[in-house]
Each structure stands twice: as structure tokens, then as C-alpha cells.
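Add chains A and L to chain R, keeping to what the hints say.
Now for the letters of each chain:
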Amino acid sequence: MSALRGRLGARLGPWLCDAGVIVAIGVFVVWSIAPLVWLVLSSILPQLSLIARPPQISPVHWTLDNYVTVIGSAAALGQGMLNSFIVASFTTAVALALGAPAAYALARLSVPRSDAVVLLILATQMLPAIAIAIPLFIVIARFGLIDTRLALIIVYLSFNLPIVIWILRGFFLGIPVGLERAAAVDGAGVIRTFWMIVLPISVPPLCAAVVFAFIESWNEFFFALILTRQNAETVPLVIAAFAGQYQTVFGQMMAAAVISIAPVILLAILSRNHIVRGFAEGMLKG
Amino acid sequence: MRDDITHLFSRRTLLQGAAGAAAIGGFSGLASRPARAAETALDVFAPLPPDPSPPGAAKFGEAAFAAWQQAHDAKVKYELLAWPQLHDRMATAFASGTSEWDVVYMCAWVPEFIDFIVPYADKLPPSTVADMPVSSFKTVTWDGKRYGAVFTLSLLTLFYNTEHFEIAGLKEPPKTWDDLKRYTKELTRDGRYGWVLDYADSAGIGGTASYWMCFLQQAGGTMYGPDGEPVFNSDAGVAALQMMMDLMKLGTDPGSMSYAGINDATNVLLAGRASMMMNWPYMWKPAQDPKQSKIIGKLGGAILPAGPAGSASIDGTDAWTVTATCKDPALATKLIDFYLSPEVQKRQALDTGWLPIRISVLGDPEVQKALPNASIVLEQAKHPYNSFVTQNYNQITQAIGTEIQKALQGRQSAKQAMANASEQVTQIIKHS
Amino acid sequence: MGSSLTVVRAGASARAEPTGRSVSGTFEQRRRRVGIGFVLPALLVLAAVLGFPIVQSLLLAMQHVRLAAGHMHVRWIGWENYTDLLADDSFVLALANSIFFSLGEVVLVTSIGLGAALLLNHRLGRFGILRVLLIVPWAIAPVANAVLWKWILNANYGVLNAVLKSLGIIDHYVVWLGEPMRALTLLLLVDVWKSVPFIALLFLAGLQRIPRILYRAAVLDGANGWQRFRFVTLPGLRNAITIAVVLQTIWSLRVFDLVFVLTRGGPADGTVLLNFLAYRVTFNFLDIGSGAAIANVIFAMSFLLAILYIRLLQPTKREPAS
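Those sequence lines, one after another, are chains R, A and L. The first sequence begins at 1 in this note's numbering and counts up one residue at a time. The second sequence begins at 1001 in this note's numbering and counts up one residue at a time. The third sequence begins at 2001 in this note's numbering and counts up one residue at a time.
Here chain R stands alone, though its shape is the one from the complex (with noise of 0.2 Å):
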């Protein structure tokens, strides 16, 4: 700005400004981890380093016994994880069965009163997971579906399906028009078009949309709480059990915590790409 700052800037400039921007993701990248290192080193502490002043955090201390107990005792996790599994994986894939054509619909066919459809389907993620808790629950129950993974999976494809929607269709709503009509020039119908032009080059927002109702459905906590008893207890709940009412034993819930998040950060690896990708395509577009 000064005229000062401009000749300095000259030589200095840029090497400053790099060594600012280094020193910012250094910052962020401490504020990100910081917690996350504390994680994993309550999860390989026993309880009286953690509760010691200052925690005594020197490996002398490290042990893997949070580890071994919470494997050894907790069947209860390893089930956890298989319901987890299944309910998150299926949530889904219907999630996304459904909701990938009603998100190419309404950003393609010419659905009738279209924005306000969009709107409506934004609405429903805004009432509390409290208010509907009791209503919802008379009606799984009217069906019998208490403690069943299929009682979860349905609740949880009514909050996933309104994001899978809205990814999907910014997404759509950017593919050049033209790739249709050359289409339809061929004679192609609307499905064919959606299946065999449309679908295959949308994998970056799919992979989006499965990482986002993955993770919402592998963490959800309430729903689950209310819905299961022993047989579709999910992974939240048996982290939750950790912490009682005259004791919360932290090493190994942060052990069955750092257990459980393995699955979802390696799905967040393997798509980290995509993801940055889909969101650009899915939710920026439009």
C-alpha cells in the first residue's frame, strides 16, 4: 500500500508472505490437531496419568491396556461396528438410489413447482431429532421394528436423503445441456439418458454424498439411543456406555473412540479427492 511497503515489498514481499502463510497453517494445523492428539494420547494413558496435575504424558507411561480391555471385554463393540456398518452402508446406498434421480428430476425435468419441492425438502432437516423422537418412536414400535437395524436405517435415510439431494442436484443442474440432447438426438429416453450419460460422469458428487451420509449415519446418537435395545445397538451407544453415572472410564472410551473413527477416516482417505471434487461439482454449481 505505502510506498515504503512497495519497495521493500520488492525483495521481501513474497518471502514474507510465504513464511506468513506457513506460520498460519502451522497455526491451523495445531488448532486442528491439538485435540485429536489428546485423543489418542488419553486413549494410551491409564486413568491416574490422566487425572494427575500436570497429566503425565511422558511414554514411560504409554500402555495399550485401554486397548486390549476395550477388545477384550467389549463384544459389545465389535458388534457395535457390524450394526454400525451395515446401517450406515445401507442408509446409504438407498439414499442415494432415491435420491439421485429425484435430485436429476429437479434439476432436470421440468418437475412442477420445483423450488418450492427443493425448499420443503431443506425444511425437513430444521425441526429437532426431539421433537419427532416420540412420534417416531410410536410408529417403529407400531410396526415392530424396535431393536431392529431396519428401524434405523429408515429414520436415517429421511435425514440423509433431503443432503443426498442437495448435492446431486447442484451437480446436475451444471452438466452442460447439450450432452442430453445429443441424447435425446439419438434417441435415447429420459432414463436411458440418466443411466448410461448422466450417472456415469457424476462419480466426484456421488462419492460426496456417500462419505457425508456415511458419516452422519455411522456417529448418529439420539435416534439410536431411543430405537435399539441389545440386538441394533450401534457404535455411538457403546462409546456412550463408557461414561456412567459415578464413573466415566476416559482411556478406554477414547480407545473405543479412536477405534471407531478408523473405518470413517480411511473411507475419508480414500475419497479425500473426490470429496473436494464433489462438493465443488455438487454444491457450488447450480
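It is possible that part of the hints are untrue.
What the hints assert, rightly or not - Keeping only pairs whose Cα atoms sit at most 27 Å apart, straight-line, the calculated DSS-like set for lysine-lysine is:
hint, chain 1, residue 1, chain 2, residue 2
1, L, 2165, A, 1185
2, L, 2165, A, 1334
3, A, 1185, A, 1175
4, A, 1294, L, 2165
5, A, 1369, A, 1382
Hints were generated in silico from the structure; no laboratory data involved.
Positioned in the frame of chain R, the structure of chains A and L alone reads:
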């Protein structure tokens, strides 16, 4: 009962004539539930260990439990849930009229859920009932009928660090409020605090309001008059709160205001950075566990210091109840009698640290040796320990606890807090 | 290329777009029929699962529904639940807390998320590992996250105090959750920490879509760094910002786990947010009608704020460009 409630709920909806109403009308037709299995099975809803859990769920009395099931040709199925989530799941199931449990754990919730449970406790064998403290039935009695049986004598008593006492030259536990205040002040040194407790959560058993109820009774006060109207806005009520405020100033861990569960406070005592606290009998065992405690062999216990009216405590009220939809109430009663049998009670005490409720087992030399605090709790039980449980317990303790917290933060005087709380409680009672 | 309307608005363009005069009317009708066929299953699922609960919750809010002494008391009372709320101090406090929380969260998450995205889009910040790191806080189960923070913030043995003290930033251990305002602010920061990853990813994706050529043109016009940000980056991110703000508003009004685990609404109701109050009234006080009324207030707030933000951030309704 279950069907009545469901019906009420759905009929009400139908009457509103809304679109959704047609839906549930349709559901009613589909509501045929799977037929119940012919063999006798009992569904028991209980907290996960280490909170008070039944034999076979917690690690004690497994063999006896298996034998009992065989002898009665019954299968007992446990549904276990972390304690903090019990009430939510129960409320949802009861409110929607779809509970399928036969035996349910309760903690101060008996009046709330009174129509969903039955007054079975009078049918327990007289020999069992005679061996239980009469006042333990207080929180499970409604309209003169006994709806539950408390299975562990869980009263707040005083726990303290004997090493800190020695350093400060204190020979015996505090006996009076004055002692307690003086001790708190003297023990607050070297980065330690004289007193620690969890004051962040207002409501429920173990909430701030319930702690104040100990002091209230020690000061000679009570919550309700003969007609159920609140009478705690009294000299005793104010004195009780003033006592808590004094302790706060004299040497309570300031973190106490932010601890939202007793284990936050317990950890501070176990780490040796606080000298005294009120806690439940369960705490004795973890305090002797080298994995969690730095004060092994340094934990002392005593009854709560006496106020103007003597010592007093509150009841943790961990109880078994039988639901109104129970498939086999007679068998359920037998199961609870089994839970209360001397052998199971003894294993419960020795293996889990949860004290028995049977006076005879509390006096058992082996139990007394393993759990030295058993005799202290038994002594505490000779003094009042009313938790003043009513059907609005959560709402009332929420209101009182919030006013107490403001006073503890110095935002209002004890007198103001009591006046505000009393006004709110009057409103709550009037509205229900 | 598509227009740059928001997702919500874009429906208008979609209708206008695909068919020109060259395509026959029957073709258009067929597309519409197929379209309805495509949308219906999703709408039916949403209606089947959420329709009854949502209508029921609206109705419940107009009734006195209370599970007291084991009875389900049900009585039609019209707007009384709502008028009662206005007279209820804890509701008013929760409303104020929620407004503070929601505004704070939207502002902080958007700005930190934007900053993070700019950094990760910088040539020095483009490591895959950074992006994975970015996702992790989002992947932790909310329950575990809340307990983790409860221990970090513990006033006596929490690691935050230990770290800050060893760095000389504080003299005494601080009771982070001991005073209403401080506790609320801390809850806000924790939730910001948890929410930034998704929003940052969103912005990062948005940044990558801004054509490089716009920056080059700006440089040629003599724009400095700030001007490039102001006149190229921000307009390019407008849609992303709208979506972030709307979603974050909805989510911030639904925060529950953190309050439940860290403070239980204490001390002195200082951290009671509307959604926690709705929970407390419904499940602890078993006053189901009143709880539904609070939930509906949250719904109305989310809805109005969403529409308001969309209007503010998308001031002009542009015509479809293709």
C-alpha cells in the same frame, strides 16, 4: 395399560382431524404385535456396570443366577444401558405406551412413572422386608403403597483424605458444621482444596439441589408441609444454603461449579488434590484400585457432619420395580426377592462394592471387613435420609438447583435464592 | 455451463432450461412424467417417515401433553404452550443464548473455514495429508468428542490449563466452565472446532472452481491482494458462503450433545440452548407439549433465518445463463 396409553395417544390425534391422524389410524390396523413366546421369559431393564447392575449383568453371583433361572424354568433377559441414558429411553417407551419390560431399575423416578408400575413390594416375603431399613421404602412408596425395593443402601456420607488430616494435625473427622468449615479452611493449602463436589448439574439425585437437601435436613428443615406445599424457604433452608456458600468461600475447589457429574469431583479426591467430599458408598472400592487412585489406604469415612438438627443425608434410591405390563408378576417378584437374597446381596457387596440393603448382610463380618464404610453407611442410616422424591422431582430440583448455583457464584444471597426457588416450586406444583 | 444460482433458487432455471422449441411437446410431457416418477419415491419416503412425526409435533405443541404421575394427560390448549414460553425465564434465557450461539457460530465457522480453505488452497498448503487431517474432527462420534472436551477443559486436571500454564499464558488454573458467559463461549468454540472442517472443505472446493484467468485479469488491472480477494474470491464463493451460512445456522440451533455432556445447561442455566431446553422439558420434565412448542420455535427460527440469509447473500435473482 400399555394399550390404553397408545390408544389415548392415537385417538387424541384422530380427534384433531389432521392429515397425520389418518396415518396412525391406518397403523392401528397394522399394530398386531408378534405373539408372546410361550416359555417364561422376563425382560429386565437395568444400568450397565459399574453403576448398580443385577447379578449376571455385573460380574457377581453368576452361578446363583443361572441356578435360579433353571430352578424357575425361566429365562431372564437383560437390557442394559449406560446410566445417564436410562431415563430417556424409559420415558420414551412409557410415554408411547410400548414398554416391553417386566422388571425395571428406578432411581427416584417411581412417582413419575407410577401408573406404569405396580405396588408389588408388599408381596415380597416378610422375612426379606423385615431385614431392610424401613426408611429405604420412602422413595418408592406412593399413596401408601410400596412400588419398589431398594437393593443397595446408597446414602451420601463423608469421605476424606487421612494423610491430609494428619498433615494439618486434624485427629478425627469433622463432627459439626463448625468443624466442617474450620477443616475446609485448614485443609485448603499447597494447591489442594478442603472440599470438592459437583455443582454444575442442578437436577435429580446427585444434582446440586439434592446436595442441599442433606444440609437442609441437617439444619432441621424439610421440603414440604403436610398438604404438599413447599416449606423449605425457612431459616433451615437459608442456613443450609449459607453453609454451602461458606464452604465455597473457605476452600471448595472452584472447579466444583463446573463439574457436571460426581466422577469429575471424585477424580480430584482420588488424585489427592482435595481433602473431603460427600459421596456414595460405591466410591470406596475404586478408591482402593491402584489404576484409578493415588490415595490407597488414605481414605477415611464418617457420617456427614451434624448441623443444628444433627446428621442427615439423602438416599440414592436404586430400586427394582415391576411394570404394569409384566408378563408374569409373580415370577418377577420372585426374581427381585432373589436379587435381595442374602447370598446375592453379599456377593454384590464383595464383588462390586455396592452395599447390600439387608441389615443382616450389612452387619456380616466379611462384608464389614471388605467394605469398612458399610458400618458408616449403616450408622448414617440411623439419621434422616429423605430425598423428597415427588412426581415433579426433576423440574423442582432443576429450579432449586439453578437458584442455588446463582447463590454459590455470589450472584444472590441465600435468602433471595430460597425465596426465588420457593416461588418457582409453588408454581410448578400448581401447574401440574 | 450452469448458471450460478443457489441450489434453492436454481429450480427456476432448471424449468426453463432443457427444452427449446426444437423438442416436441410430448417429449416435454414425457420428461415431466419421468421427473415426477423420479422425485416421488424420495418424497414418499420423507413423507412416510417424517410426515406423521412432524404433523404430530405441530399438534402436540397445541396440546397439554404431560406424562405426570404415570398418566398421559392430554388436553387441547391452542397457543397456550407458546404464550407460557414467553413468560418462562429459562426459555427467554435459552433463546438469548441460542441467538448468541448461532450468530457467533455462523460468523466464526464461516471466517475460520474461509481462512483455512485459503491456506489449503495456497501452493504451500496443498498436501493431501492436510486435507485428511481436516476431516478427522468431523468424523469423531459427537459423544466421544464431547467427553474428550470435557476432560480437556476440566478445571482441576484438564490438559488445557496445564498447557496454557506451562506456556505462561495463564497464572492460575481457569475454571473454564464455571461461569455462564465463559462456559457458553467455550461451548461455542468447541462446536466451531468441530464444524470448521466441513465448511472449510466446502470453501476449498469453491476456491478450486474460480477460474485462474479471473485472477490474472485482476493482476493486469493492478489489483492488490486484498482487492483480488474482495472482487474475485468472495464473489466466486458467494454460493458456497450462502450454503455454509444456511446449513451452519440450522446445525447451530440443533446443538445438543455438547451441552448434555459438558455442562448439563449449568452453571445457573448459563449454557442452556433452545434444543437442550426442548430436551429437558420433554424428557426430564415429561412435559411433551411444551417441549414440542420449543422445538417448533427452533424450526421457525431456522426457517426464517435460512430464507433471510438466502435473500441477503443472493440479492439479485439472475436469469439462467445457458
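(message) For residue 2165 (chain L) and residue 1334 (chain A), compute the direct alpha-carbon distance and say whether it is at most 27 Å.
(response) violated (58 Å)
(message) With the threshold set at 27 Å, check whether the alpha-carbon distance from residue 2165 (chain L) to residue 1185 (chain A) stays at or below it.
(response) holds (26 Å)
(message) Just to be careful, I want the Cα atoms of residue 1185 (chain A) and residue 1175 (chain A) compared with a cutoff of 27 Å; is the pair within it?
(response) Roughly 15 Å between the alpha carbons, so the hint for residue 1185 (chain A) and residue 1175 (chain A) holds.
(message) With the threshold set at 27 Å, check whether the alpha-carbon distance from residue 1369 (chain A) to residue 1382 (chain A) stays at or below it.
(response) Satisfied, since the Cα-Cα distance of roughly 21 Å is no more than 27 Å.
(message) Would the hint linking residue 1294 (chain A) and residue 2165 (chain L) be met if the CA-CA limit is 27 Å?
(response) OK: residue 1294 (chain A) and residue 2165 (chain L) at ~23 Å, within 27 Å.
Taken one by one, the earlier hints fail for this structure only at number 2.
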